[in-house]
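Colleague: Protein chains in written order, with the working numbering: chain A, 1 to 409; chain B, 1 to 139.
Errors might be hidden in some of the hints.
Said to hold, decoys possible - Straight-line alpha carbon distances no greater than 27 Å define the calculated DSS-like cross-link-like pairs of lysine-lysine that follow:
#  : chain 1 : residue 1 : chain 2 : residue 2
1  : A       : K401      : A       : K383
2  : B       : K114      : A       : K401
3  : B       : K114      : A       : K374
4  : B       : K127      : A       : K406
5  : B       : K114      : B       : K127
6  : A       : K406      : B       : K57
7  : A       : K383      : A       : K144
8  : A       : K176      : A       : K186
9  : A       : K401      : B       : K100
10 : A       : K176      : B       : K57
11 : A       : K144      : A       : K69
12 : B       : K100      : A       : K374
13 : B       : K57       : A       : K401
14 : A       : K406      : B       : K100
15 : B       : K57       : B       : K100
16 : A       : K383      : B       : K100
17 : B       : K117      : A       : K374
By construction, these hints were calculated from the structure, which means they are not laboratory data.
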Amino acid sequence: MSLFGRFRRKDKTGTVKETAKGAKNEVKSKPVPPVSGGSYVKTAGSVSAAQLPPADLGELLPGAPQNGKINLAIYWAAACGGCDVSLLDTNERILTIGDMANIVMWPIASDGKEHDIAEMEDGEITVSIISGAVRNTENEHMVKLLRKKSKIVVCYGSCACFGGSPALANLVPGGKNEILDYVYKKIPSTASFQADYHPNSPVVPQAKYEAPEGELVLPTLYDTVKTLDQVIDVDYFVPGCPPMQESISHMLKAVADFAYNGVALPPKGTIIGVVTKTLCEQCPRRKEYRRITKIVEPHEIDVDPDLCLMDQGILCLGPATVGGCNARCTKAGQPCRGCYGPTTAVQEQGASALTAIASLFPVLDEDATMEESKVIDIMTTIKDPLGYFYAFTMGKSLIKKSVTEKGGK
Amino acid sequence: MSEFEPRIVAFCCNWCSYAGADGAGVARLQMPTNFRIIRTMCSARVDPEFILRSLAKGADGVIVLGCHPADCHYIGGNYRARRRIALIRLVLEQYGFDPKRLKLEWVSASEGEKFQKTLTDFVNTIKELGPTPLQQEGE
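Model the full assembly from the supplied sequences, consistent with the hints where possible.
Modeller: Okay, structure coming up:
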């Protein structure tokens with residue numbers, strides 16, 4: 001299987017449709033030539049993504065493209081900014097990117113504003129790279145605007161692809177009101193601020209404020225954090241927290257190849273930088289008995305540098321996470337937290353991890369006669385299973401939000 | 001308003017519980033009709049994803065039935081299943097579901113009566129709990 005896996009997408013009717021290699025291309029603003037398997041796709045077929053060297057953009061770029069520089073927009077929605085920084089991981093290639101593209105928007109680094117984008121023609125931006133989940137009205141407005149103005153939208157990073165850490169906010173039973181109440185009134189620093197300065201009525205941000213100069217507006221937070229492809233049509237996915245340097249350079253090379261040489265883009269819905277098998281396939285650690293009797297954190301033990309982390313009692317999501325990162329965490333003695341998301345065969349990364357890890361608890365001699373409460377005792381050694389197994393994929397899980405039992409009659 | 005009729009998904013293992021359900025039918029035991037049986041080769045075949053998908057699609061309860069401990073056709077499948085179910089129940093609890101909506105029970109091939117009693121009890125439990133708290137999309 002190639003560097004480019006397949007990805008299940010949900011269309012508006014809610015049915016899962018698979019976008020696969022050779023699937024009908026649906027970029028609306030611009031017809032993209034059908035896939036012929038660009039040269040780099042073929043290269044990737046024989047080597048796993050992680051062993052691929054970063055694509056050398058320098059060979060491709062003798063200067064600006066003949067028909068003018070392409071327009072590149074980079075935007076962050078609900079994200080930490082790590083994805084933006086990771087784009088600089090392309091090292092000196094960032095300079096060739098400057099030769100190739102006008103960066104029309106990049107809130108972290110350049111000066112493009114919302115109205116600059118709004119004034120553009122539809123499809124004037126060649127590529128928009130969007131990181132982060134969609135969490136408030138501003139996120140939604142901007143990503144919809146960028147979709148309208150862009151030929152290609154790249155869903156960049158785990159928050160955009162799967163919801164990431166921001167989507168864990170979906171598990172707060174009270175939704176946005178509970179979150180805002182906690183953040184502005186209850187955490188120690190704000191609680192003491194409110195007590196000192198606004199003892200009678202705590203000051204919290206309002207969505208609208210009538211100033212003498214006019215009305216001021218703030219974005220409104222949503223109750224549910226959404227992934228990018230739940231809000232807009234997305235062409236490519238680059239998972240990772242943040243994505244690997246190799247993935248980034250291959251994505252940019254695909255775009256450069258397209259802009260300079262007219263090489264066909266990969267099929268829509270492609271996940272860039274993943275392999276078909278799980279991380280365990282790439283992990284160099286030696287697997288032995290793999291039975292967990294006691295769960296430990298990496299800092300509590302001397303981590304054996306060669307032995308599988310599961311063998312050492314460290315919960316690792318490698319068995320449920322798609323490979324592509326070349327095991328950068330497990331090589332460093334840290335367990336996989338699952339940022340690359342599930343393999344294409346499953347939808348629920350958390351459920352896969354849960355299945356794998358629950359099976360590692362050994363069958364005991366007394367198992368045949370054991371009380372159910374004993375089993376519960378064994379399994380409760382895993383603290384916060386929902387938060388651990390769904391750390392990155394809550395936005396894409398089957399049940400996306402916490403629920404409240406109403407009680408029967 | 002008519003009485004709440006729960007929709008329940010019952011996963012039965014091929015070797016014991018499905019035969020037990022068959023036995024209950026052959027013996028013409030009376031039981032509620034709120035459950036839909038899905039036959040799996042083993043209770044350990046029931047991936048937690050199946051359970052979550054059932055609930056996500058609007059099931060009010062899920063019951064997994066397997067061979068008694070030490071009776072598994074595949075030696076240890078039911079031991080794996082009970083560990084997974086215990087863990088997935090913790091996950092459901094964190095979501096806010098009442099953990100009673102997911103049940104694991106052992107029913108052997110000869111226990112038609114136990115099958116009837118287990119399902120009747122489970123339907124009553126779910127009736128007490130009320131409809132699934134999960135808001136369906138579009139509601």
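Colleague: Give a verdict on every hint.
Modeller: Against the structure, the hints:
1. K401/A to K383/A: Judged against 27 Å, a Cα distance of about 20 Å means the pair holds.
2. K114/B to K401/A: Roughly 36 Å separates the two Cα atoms, so the pair is violated.
3. K114/B to K374/A: 23 Å, holds
4. K127/B to K406/A: It holds: about 12 Å lies between the C-alpha atoms, which stays within 27 Å.
5. K114/B to K127/B: 20 Å, holds
6. K406/A to K57/B: Given that 27 Å is the threshold and the Cα spacing comes to 18 Å, the pair holds.
7. K383/A to K144/A: This hinted pair is violated, its Cα atoms lying about 39 Å apart.
8. K176/A to K186/A: 14 Å, holds
9. K401/A to K100/B: Measuring from Cα to Cα gives roughly 19 Å; hence the hint holds.
10. K176/A to K57/B: 25 Å, holds
11. K144/A to K69/A: Since the Cα atoms of K144/A and K69/A sit roughly 24 Å apart, the hinted pair holds (cutoff 27 Å).
12. K100/B to K374/A: 17 Å, holds
13. K57/B to K401/A: 14 Å, holds
14. K406/A to K100/B: 14 Å, holds
15. K57/B to K100/B: 18 Å, holds
16. K383/A to K100/B: 20 Å, holds
17. K117/B to K374/A: 25 Å, holds
Checked against the numbered hints given earlier, this structure breaks hints 2, 7; the rest are met.
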